[in-house]
Structures are given as structure tokens and as C-alpha cells.
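**Q** Could you slot chain U onto chain S? The hints should help.
Chains as they are written, first to last, in the UniProt record's numbering: chain S, 1 to 232; chain U, 1 to 232.
Hint data in this document are derived by calculation from the structure and do not stem from the laboratory. Please read these numbers as outputs of a predicted model, since none were measured by experiment. Among these hints, one or two may not hold up.
Unchecked claim - In silico DSSO-like pairs for lysine-lysine, Cα to Cα no more than 27 Å straight-line:
1. S:K16 / U:K198
2. S:K143 / S:K22
3. U:K198 / U:K169
4. U:K135 / S:K16
5. U:K135 / S:K172
6. U:K18 / U:K72
7. U:K218 / S:K169
To be verified - Counterexamples of contact, computed for chain U against chain S with all Cβ distances above 10 Å:
8. F4
9. K10
10. F15
11. N62
12. S83
13. L88
14. Y177
15. L196
16. S208
Backbone N, C-alpha and C fix where the C-beta goes; we use that ideal spot for every residue, glycine too.
Here's the letter readout for the chains.
Protein chains: 2
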Amino acid sequence: MDSFELLEEKIGYRFKDKNLVKKAFTHISFSKSSENYEVLEFLGDALVNFMTVNILVEAFPNKKEGELSQLKSFLISEEFLASLAKSLNFEKYILISKGEELKGSNKNPSILCDVFEAFWAAIYIDSGYDCKLTKSLFEHHFKSQILEMVNSNSLKQDYKTALQEITQKKWKERPIYNVISVEGPEHRKTFTVECLFKDLRTTGKGNSKKYAEQEAAKNMLQIIQDNEKKKT
Amino acid sequence: MDSFELLEEKIGYRFKDKNLVKKAFTHISFSKSSENYEVLEFLGDALVNFMTVNILVEAFPNKKEGELSQLKSFLISEEFLASLAKSLNFEKYILISKGEELKGSNKNPSILCDVFEAFWAAIYIDSGYDCKLTKSLFEHHFKSQILEMVNSNSLKQDYKTALQEITQKKWKERPIYNVISVEGPEHRKTFTVECLFKDLRTTGKGNSKKYAEQEAAKNMLQIIQDNEKKKT
Chain S
1 MDSFELLEEK IGYRFKDKNL VKKAFTHISF SKSSENYEVL EFLGDALVNF
51 MTVNILVEAF PNKKEGELSQ LKSFLISEEF LASLAKSLNF EKYILISKGE
101 ELKGSNKNPS ILCDVFEAFW AAIYIDSGYD CKLTKSLFEH HFKSQILEMV
151 NSNSLKQDYK TALQEITQKK WKERPIYNVI SVEGPEHRKT FTVECLFKDL
201 RTTGKGNSKK YAEQEAAKNM LQIIQDNEKK KT
Chain U
1 MDSFELLEEK IGYRFKDKNL VKKAFTHISF SKSSENYEVL EFLGDALVNF
51 MTVNILVEAF PNKKEGELSQ LKSFLISEEF LASLAKSLNF EKYILISKGE
101 ELKGSNKNPS ILCDVFEAFW AAIYIDSGYD CKLTKSLFEH HFKSQILEMV
151 NSNSLKQDYK TALQEITQKK WKERPIYNVI SVEGPEHRKT FTVECLFKDL
201 RTTGKGNSKK YAEQEAAKNM LQIIQDNEKK KT
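Next up, chain S with everything else stripped away, as it sits in the complex (with noise of 0.2 Å):
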């Protein structure tokens, strides 16, 4: 394990209670006590939620609600954060026990999230709970990585990501994608797919597989918000 030091300097926050910092990197495989992260990224889940937000809200002021619950939902996925977490080294600070530490779940997506937001939680509660400060340290950190990542076509229009990212936070389930026909000829084939979710179906078209499927994943999302707005 790397000393906190380094961290700290990077981040530009040297923590009061060095204790705290600890505590946000210590898996509960390592301490069954309360001294493990569980209560920080309870604590920072709610935290980088909100901030992120904060961020979308305040730059994409005309943006739809619809939209930005999209955006969000792959910007606070454990996929992003987990990537947040490794863009700051956070895998060599984590402490956990031998056995887990030779399942190489120091890498794992699930726990790099879980200690990204119990270490935003650390800053909040060391700085006494400034709200302001740790705000604006977070922006300086990702507020770019975040509107880059939003402006990037590769968001834009992965609708089957967006897709997955719902039904999996929401329901625990995945859709289903099936090709249903392949037609004309070699060089101009036409794709239609199915996307299956619960006992919903689309259907898209396109001169790929991939596109079609996005076609396909982009009707569903529709169906599924306005459903979803229908319950209001």
C-alpha cells in the first residue's frame, strides 16, 4: 500500500483525521469492525449522486429531465466510478484481506466504486462537513472528465448501455437483443433486432447488427420512460 501522502497531494486536501482516509480504503475483509468503509459509502453514495447532478443540472440547464436521468444513470454507474477511482490510482491504497486480495478484488469495479464514494464522504466529514468545499474539489477533479464524457458521441448514442444501466438498477435484469431477419443482398443487408425486456418488445433496423440493436435499445428506453412518467 502506498502511503495516503500521495493521494493527498494529488487531490489537493490533506486530511485532520488521517483515521478517516483509512477508513474509506479498508474493505470489511479486512476490519469486521466499524473501522471498514461501509458507513462512508453509504454516506458517499448520496454525496456523488448529488454532486453529479449538481454538475449535469447546472450545465445542461435545457436539458430534459428524461435526458438527464440517462446521463446520470451511466454517470453514477459502478462502471464510471470505477473508473474515476482508477484514474487516481485508488486500487494501490485499498486494504483487504490476503484472500480477497488474491481474488484480485482490489480491481474490482464493485469495490474501486464503493471507496471513490466512501473517500468523497471521508473529505466531506474531515472538512466538518463542507458541503462547498468538497463540491468544488470534486468538480476540479471529474467536472470535465464528467461533460466530456456527456459530450461524447460514445454516450450519446450507446442507447443499449443506457438501456442496460436502467433495467439493471431498476428491475436486476437485462434485455434480451435477437436478429430477426437478415435481407438483401451481400453489401446492402438490411438487420432487424429484437430487444425483449419484461413483455416488452422493440424492433429496430439498420446495415449492422450493432446499429440495429442500438435502433432497437433506443424504442425501448422511450417505452420504458414513459412508462415510468405514466406512474406520476
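**A** Quick look at chain U alone, frame taken from chain S:
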């Protein structure tokens, strides 16, 4: 509709931008343009969640993450937030189409909850994104109600409600309870109840159906929380 001044007085906050508070109370049926509460509610959802978790973590530093999660899922439930909205007569301020008004939608817990969240986002934005001010206002009005709710036996022991909140939120499904046996003499009956959720089954025994259901729900909660843990 009452003027907002009365509400501002009650809350102890004077809006610089009166359109913002109006927007927080405007349902999409009243204004399809962006002048409705949808984006504010998106921000407010994250804000109220964060402020609530904050209160819990500060007030109960020794509770475990599992118990805090359980408390949180009740405290940010539609039911509870709508009750806070009602305590400030929010239904009087909601701007909604005539059609929705006739249906009584301004008393719909889902809309009251949305408006409650949007209102706190409106204060937060109006104050120049002042998290500290918003948090202290929120705590001034609701901290004691929240802590009372946590400390009351009703919440502590209502495992059925806690379980349902979690299963509804995560899987949009409710557990099922069946009495499977009633044994013993009339004055000392023992009820056994099963609780079914997805492919899981737990049982509980007690000298009333209600008590046996609570036991079964408590056991189911335990299993679900353990399963969630294992995913980490």
C-alpha cells in the same frame, strides 16, 4: 392557490426569483414547456436524499450500514416525503391542469413528493447553490420529525413496511404472506406465516398473524441484505 408569501414565511426563506418557487409547484399538466417542476425534481431528489442520509449518519454514528439503509429507504419514500409536504400544506400551492385537479392529483402522494423535492432544489438554486443554508433550513424543519420517526417503535419494528419499500424500489414487486399453520389451544395459538419473494422463502412464528408476519419479513430482509452484500 395561496400566495407563496405565506409559505416563504413558514419556511423562513424569501425567494429572490419568484419564478423558481412557482416552477417548483408547477405540474407538467399545467405547463408542458420547461416551466414545470421536472428538472427541479431531478435535482431535488438527489438533494433530499443527500440531506436525509446526512442527518442519519450524523445522528447515528454507530449504526451499521444495513440498518441505516433500511431507515433511509423509509425516510425517502414517497409516503414519508408526501407526509412532510402535507405538514406544510403543499397541496394548496400546486399548479395543475383542471382535469388533474378534478382527479384530486394535487393530493396524490407521488406528486406531493415530487413537489417537495423540487421545492428544496428551488431554495438551493435560488440561494446560489448554497448547500449549507439549504441543509440547515431542511434540518430546522424536518430533523426532529425524522429522528422521532427513527426512534419511534413503529418504524424500528415495522419490518413489513421496510421490506416492501426495498422490494418495490429495487424490483417493483411486493412480497407475499401466507398463513401456513395455526396451532395450539384457542387462548395460546401459534401462527406460522411464510413470506415469499421471487425465489426466496422465509417463515416467522408468533402468537398473532401480525407478529408472525413481522418475523417472516425480518428474516426476508436479512436474506436480501446479505445477498446484496455478496454482490460486492
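**Q** Run every hint past the structure and note whether it holds.
**A** Hint check results:
For the given pair, S:K16 sits about 47 Å from U:K198 by alpha-carbon distance, which is inconsistent with the 27 Å threshold. Among the hinted pairs, S:K143 with S:K22 is consistent with the structure: their alpha-carbon atoms are about 25 Å apart, no more than 27 Å. At roughly 14 Å between alpha-carbon atoms, U:K198 and U:K169 fall within 27 Å of each other, so this suggested pair holds. Proximity of U:K135 to S:K16 is assessed by CA-CA distance (about 24 Å); at most 27 Å being required, the pair is judged to hold.
Pair hint U:K135 plus S:K172 does not hold up; C-alpha atoms about 33 Å apart against a cutoff of 27 Å. The hinted pair formed by U:K18 and U:K72 fails the criterion: a straight-line CA distance of about 32 Å is larger than 27 Å. Distance check on the hinted pair: U:K218 and S:K169 sit about 24 Å apart at the alpha-carbon level, within 27 Å; holds. With a closest Cβ-Cβ approach of about 22 Å to chain S, U:F4 is found to remain outside the 10 Å limit, as its non-interface label requires.
Its beta-carbon lying about 24 Å from the closest one in chain S, U:K10 satisfies the requirement of being farther than 10 Å from that chain. Once the 10 Å rule is applied to beta carbons, U:F15 is consistent with being away from chain S; the minimum gap is 18 Å. With 10 Å as the threshold on Cβ separation, the claim that U:N62 sits away from chain S is violated: the shortest Cβ distance comes to roughly 7 Å. For U:S83, the requirement that its beta carbon stay farther than 10 Å from each beta carbon of chain S is met, with the minimum near 18 Å.
Every CB of chain S is more than 10 Å from the CB of U:L88 (nearest about 20 Å), matching its label as outside the interface. Its beta-carbon lying about 22 Å from the closest one in chain S, U:Y177 satisfies the requirement of being farther than 10 Å from that chain. The claim that U:L196 lies off the interface holds: its Cβ sits roughly 17 Å from the closest Cβ of chain S, which is beyond the 10 Å cut-off. Here U:S208 stays apart from chain S, with its beta-carbon at least about 34 Å from theirs, past the 10 Å limit.
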